[in-house]
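Colleague: Next come the chains, spelled out residue by residue.
Number of protein chains: 4
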Amino acid sequence: MCAVVGVINSKNASTYAYYALFAMQHRGQEASGISVSDGKNIKTIKAKGEVSQIFNPHNLQTLQGEIAIGHNRYSTAGNSSLDDAQPIAANCVLGDIALAHNGNLVNKEEIRNQLIQDGAIFQTHMDTENVVHLIARSKKENLQDRFIESLNNCIGAYCFVLASKDKLYVARDPYGVRPLSLGRLKDGGYIVASETCAFDLIEAEFIRDVKPGELIIFTQGNDQFESIQLEAKTPRICAFEYVYFARPDSIVEGKSVYEIRKKMGESLARKFSHKADFVVPVPDSGVSAAIGFAQYLKIPLEMAIVRNHYVGRTFIEPTQELRNLKVKLKLNPMRKVLEGKEIVVIDDSIVRGTTSKKIVSLLRAAGAKKIHLAVACPEIKFPDIYGIDTPTFEELISANKNIEEVRKHVEADSLTFLSIEELVGSIGNERQYSLISFDGDYFIKN
Amino acid sequence: MCAVVGVINSKNASTYAYYALFAMQHRGQEASGISVSDGKNIKTIKAKGEVSQIFNPHNLQTLQGEIAIGHNRYSTAGNSSLDDAQPIAANCVLGDIALAHNGNLVNKEEIRNQLIQDGAIFQTHMDTENVVHLIARSKKENLQDRFIESLNNCIGAYCFVLASKDKLYVARDPYGVRPLSLGRLKDGGYIVASETCAFDLIEAEFIRDVKPGELIIFTQGNDQFESIQLEAKTPRICAFEYVYFARPDSIVEGKSVYEIRKKMGESLARKFSHKADFVVPVPDSGVSAAIGFAQYLKIPLEMAIVRNHYVGRTFIEPTQELRNLKVKLKLNPMRKVLEGKEIVVIDDSIVRGTTSKKIVSLLRAAGAKKIHLAVACPEIKFPDIYGIDTPTFEELISANKNIEEVRKHVEADSLTFLSIEELVGSIGNERQYSLISFDGDYFIKN
Amino acid sequence: MCAVVGVINSKNASTYAYYALFAMQHRGQEASGISVSDGKNIKTIKAKGEVSQIFNPHNLQTLQGEIAIGHNRYSTAGNSSLDDAQPIAANCVLGDIALAHNGNLVNKEEIRNQLIQDGAIFQTHMDTENVVHLIARSKKENLQDRFIESLNNCIGAYCFVLASKDKLYVARDPYGVRPLSLGRLKDGGYIVASETCAFDLIEAEFIRDVKPGELIIFTQGNDQFESIQLEAKTPRICAFEYVYFARPDSIVEGKSVYEIRKKMGESLARKFSHKADFVVPVPDSGVSAAIGFAQYLKIPLEMAIVRNHYVGRTFIEPTQELRNLKVKLKLNPMRKVLEGKEIVVIDDSIVRGTTSKKIVSLLRAAGAKKIHLAVACPEIKFPDIYGIDTPTFEELISANKNIEEVRKHVEADSLTFLSIEELVGSIGNERQYSLISFDGDYFIKN
Amino acid sequence: MCAVVGVINSKNASTYAYYALFAMQHRGQEASGISVSDGKNIKTIKAKGEVSQIFNPHNLQTLQGEIAIGHNRYSTAGNSSLDDAQPIAANCVLGDIALAHNGNLVNKEEIRNQLIQDGAIFQTHMDTENVVHLIARSKKENLQDRFIESLNNCIGAYCFVLASKDKLYVARDPYGVRPLSLGRLKDGGYIVASETCAFDLIEAEFIRDVKPGELIIFTQGNDQFESIQLEAKTPRICAFEYVYFARPDSIVEGKSVYEIRKKMGESLARKFSHKADFVVPVPDSGVSAAIGFAQYLKIPLEMAIVRNHYVGRTFIEPTQELRNLKVKLKLNPMRKVLEGKEIVVIDDSIVRGTTSKKIVSLLRAAGAKKIHLAVACPEIKFPDIYGIDTPTFEELISANKNIEEVRKHVEADSLTFLSIEELVGSIGNERQYSLISFDGDYFIKN
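Chains as they are written, first to last, in full-length UniProt numbering: chain F, 1 to 446; chain B, 1 to 446; chain H, 1 to 446; chain P, 1 to 446.
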């Protein structure tokens, strides 16, 4: 998971990109960057860290130009080096270009290997660099044709924003797995962003979503943009955007993330067969579903776990006596509310099971008598390969244990998951979704 | 508002103080510090910024010793200089001492003026320094008697933690306006802290609250502590701790802050005479009251305003088009949920009215048809002088406008406050409270 | 001007590279970097700033491996971006490689243009990246043959150090314009470095200079290295290394820089026709020549200009009254010594004439009665293109004014330059030199 | 050793103080600070580190006002904490005052103990704080009388600069042990500074030295200043200022430091009974004396040891093979010049003998055949207590060994010191000096 933004026809292009990245910080805190074209050259500032640490009034002001693209990079284990920040800016036969990418190319190794065989050098570990090479090496005449040819070579889930000296190109994969929306800025310029919450902050007007398989070409100084429909399949937006990734205030493919999470909670409630004194969300990710759950069952919602939002950069100083410190730095259950109670805890998902086990343990220690764990998504049985950093098969607890075994592992009194059908029903039966983590249907294949 | 902590008889005294300050970060982000006694000398690290910025494994490890005190300082307008971090450590006739303070001395100017007349020099702007001087200048023989004499000179609301080379002294004002609790660490040591949420993180066991007018003396290596009851009045804990300051998971004077905030919401609901499609809290401060409000009226609770928790250090780059950016960086209302709805918005308080006005404006822009603003505390008509940084009389909107005028100012469709009686009823009629912001009863006078 | 270092067969490869870069800091303060191969992968740390700012015990320790290369980058006007730090590390068909370069390729634009035409992307502005591309694109089978082929394509002055997972390649241009020496570490490993002063610090034993046109291949774990003589011309080391670049304690092509500078001073003295009370060097660059000058003429040397070595990062706060502040922050002439005296000032060179003019003005203001300026190199009439960042023709004062005009411009009472013959005579008539700045003989042509 | 500066009647008071501190950075790199009075309040910025690290255009601009004092603190072993930066600013009965101090009070413990007995608190370890307390506690009516009374209580060597809201007070001890000079700024204001090199940078005109026992009172807006002669003794400027502390371009008590160091070298030469091929200074501190030595004996001066000026913040990464790394990071002897030679090495002083021993060892390793060490000051047999941080009796090698034993220890072929008479003769027999390090005459006694 990452975030991309593209801005054109705005004197404040880099400032708007900055705010958009800030609004989408939840999609990636590992690294961020902005590239700006001033009509001739492209200048880039990128670094590790959060948007607010990397940019300041001084360096943002050096990014002058009316075309900007930006990127937030999600923290991925192990391999994080400075070079792995985006956008990737390069000088090639068509001049300066810069590219940013949210998604994953399933044939990236083959493309990279082929490029390397053909003499390319890679200065990062990111598949984004593949596409920059493909564009630079294409025999087509102009950037548009080269980008199309490159996209045709890419198999995967992706949203690309590509800046040249005077154009902004935006492309979404044929299935539209990752979200991308188009809006209009108050000053008349255009913006595309992974989530609509970015538009809200800068008062951009939502126009429409970029379509699966669509390539949009914006030209500096031109209010008309061109849309080209490349190969398109039956759309399958990633269900995990609704489950976990997107901010609740974003509208993904026309649907309010918040309202869908509430419906997931309702679906959970519909099948919940135990009795509970009240509903407790794991904050913040379980709150929306918990509201839906509680409203449906008409049992109280209690914020009985408090989240400490200062946790960001806190280090842990080991002292033998303290257990579960990492979770406790973030979450504190309230004994006064929980003591002697039978509760249902709503979380968004169970991945490895580690955190759920600790939360149940903390709630038990805080006096909860019975703890029913209800999870607002199906069992995660398969690694995602379409742009989400999920663990391997071996680490996914539901890939290796059935529900009862997971329940025992996390030491809950009961454990309820959504079924895949209930998940789909919550989002809307009228369309299809990318559900690979749940059903293993790797529909985009190499 | 600030936070204090004191630890004794623990090999990890500074680590526990660090975690306690982290858990109480909400009480002050301006500056923090920890002083540690190693049995001979006192060493202090303090600086501007948040706890997690100031301390790191390396510098925390230099704070070796079994007695530690710590402090979080609340951001106060204008006067913040490096020197104004606590604890204040000083070398005096009794050796090294360090003092930290949460509260405010109403006779601080007189004490300071008298001290200055008597030849004292002040290297900070804090009234904490007054007390260090009083201790140093006392003619009494030992630190205990000097501290008692100094406390007798102080009129105000206070919690002091005082470290010497081998003792920890803890004192609370005669009315017990500011909270202070006593607990036992897992390793057998003692801890005192402004809020019990600090105990939860480090798994300290709550023993009891420090009593109004109580002085507790802990001695290094001695599991027995001595309690001396100095002058005590009818206890009057500050009601604002329940309204706003304390974390919802803290227990203040035996009462769950979360549950009391829910009761305030219920009281509000009881008198709420309008119709609303649902209840919307201003996150995070209005959430607890909104839950109580919604449960009482059996109308849905909707998290229709989303808070961005990354906001900490974000700078604002001015662009002419963007209004209300400062509020919008933190709060985003959801159009999909709000459009065409009649809502009741729950906030914890109205101080200047500026933020409330902006929130109403954002909600209106997001499509809300009718906006009833319900405030989970009474009108704030008087500046606090007992340790809370409230604005002057001139800036307090309710000191200058009646409810209808305030409603017009914030442009809400209706405006409901708690009455003072309802506030007190929510906390509990069986005891008295400091209510100065609401009733102007400055019961601690100079 | 830059510095390169390469180390192999040492467990402390990165530490030795670090010290070598520190010893050669005078060759470039803009950026530095070290790449280390652990036998499989290459890891790089590079950044803007001085060696001692970029590296610390913590990050240096992450550079584990027995092969290291490093680079100091000289500050060049305008174009300094993060990407322009070296080494350039890349993943290519032969695995990870890293390359660092001191020098300049005169056909770099053509190579770059051709590479770009062929589909390459450039992520930096440095010609070093050209060579990485050439290696990656070569059709030859192994790295050695590819590197040789790439070198054959390069026209210019260069010293390259190239690391692969298990080899270190070192190459010097056919004329040997830039210096490069080979040494043996105390732990048995090999080191190559731009200057021998790097060997002194780490007690490496000087073996010999790398020969013009020589390619040396070191293999990890093998004490034998292979030398291949590629195309070689009559050697022409850059005379400016003796004039200005190299540290006086370095031995360049077998000759002590310090002793040669003294000889330049002697040559100047031999033709000096004025009378002077004493000799004053411009510190530190004019000291060696001034000693030779004074010894020859048997007139006293006086350190009448004092240099402030803290000047590094000082900012200048403009106040109207203060003139020449930038020069004065570094240099202060002593009135007590200078007053009423007739002096000869020795500087290493005159480039734009700006600094010389200010120094003469400061000396005059400090009371010197007559100021003879003697410059220990010939008039600089031509821009260098072999790895030195000299100004354009328009900015070079001696390209536009004759000696008398320059004298008038800098307001000296007399002005003496070395002739080219005297310069060559000072270094040694037995061999040839790169003298382009003086004679415009661009002997390496595209 | 430290540096003080005071500025009055200048709109750029803090900027001038900043430049003056920069010029006097050699007198202390541990910490620096500037206090500025704007006519009402005093604002201070101080921190650990060098002047150029602490101040920047932004924070310097916040120091607005026409009176400024500043301080550079010398690195002292062990006890360096944040609080130990100067100036010390305090609010007292006379309003805000700020004080900075170069020197040492020999009765500081007694004053401090008395003050502590009387109830004072100390927030630093510096004797400067004593004087702030004395001023604040004085029964005299005005600041001038209080300062005079306080000075009368101080026994020691000192230069004080004291700022109030509208006055600048400057005081020097009765013997004038530490230097202090008075100058006039280009904008008409006054400046006092420890060394005249500070005047040179900002083009201030030297007026005269502050006299021993003199108190000067400047009033904001008044071009006349008042001079009061307090108790004065036969002046005894510290000889170490000429030997080591002062910059060679400073004029101390009317005498050029550079010229006096040359005379010390001449005195050494006069008694030097060995033969030497040439003279080698230990840079930079031995250069001036070496010039005098070489001129007298008419033997060549060779800069055969090169100093690396980037050494500031370099860390040392331990590798077993490398010896003497700390000295070698700074100093590199040139084999080409030294090999087979008989040399005389000039250093400014021998304190512990450690560095001298390492230098001799490095020179020997670089091929020097015979090494005569000539030291441009007498044997240091006694700890200084007048403001110089010298080691204890036990650590001073000449306090424990005679010349022959020291020679053996440092492994030189011969060792020559100046006699006390020769030192005094070099500076000038017409007046007296503080020579305690050499003769143990602690003439300022408690």
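If you're looking for bench data, these hints aren't it; they were derived computationally from the structure. There's no promise every hint is true.
Note: identical chains are not told apart, hence a pair may lie in one copy or across any two.
Once the Cα atoms are required to be at most 27 Å apart in a straight line, the calculated DSSO-like pairs of lysine-lysine come out as [stated by the list, open to error]:
1. Lys401 with Lys298
2. Lys445 with Lys328
3. Lys233 with Lys255
4. Lys43 with Lys211
5. Lys341 with Lys298
6. Lys370 with Lys298
7. Lys255 with Lys330
8. Lys255 with Lys165
9. Lys358 with Lys186
10. Lys43 with Lys165
11. Lys186 with Lys336
12. Lys140 with Lys108
Colleague: Determine for every hint whether it applies to the structure shown.
Modeller: These are the hints, each one checked on the structure:
| no. | hint | verdict |
| --- | --- | --- |
| 1 | Lys401 with Lys298 | neither (32 Å within a copy, 40 Å between copies) |
| 2 | Lys445 with Lys328 | neither (41 Å within a copy, 42 Å between copies) |
| 3 | Lys233 with Lys255 | within (20 Å within a copy, 59 Å between copies) |
| 4 | Lys43 with Lys211 | neither (29 Å within a copy, 40 Å between copies) |
| 5 | Lys341 with Lys298 | both (17 Å within a copy, 21 Å between copies) |
| 6 | Lys370 with Lys298 | both (19 Å within a copy, 25 Å between copies) |
| 7 | Lys255 with Lys330 | between (30 Å within a copy, 23 Å between copies) |
| 8 | Lys255 with Lys165 | neither (35 Å within a copy, 51 Å between copies) |
| 9 | Lys358 with Lys186 | between (47 Å within a copy, 19 Å between copies) |
| 10 | Lys43 with Lys165 | within (10 Å within a copy, 33 Å between copies) |
| 11 | Lys186 with Lys336 | between (49 Å within a copy, 21 Å between copies) |
| 12 | Lys140 with Lys108 | both (21 Å within a copy, 26 Å between copies) |
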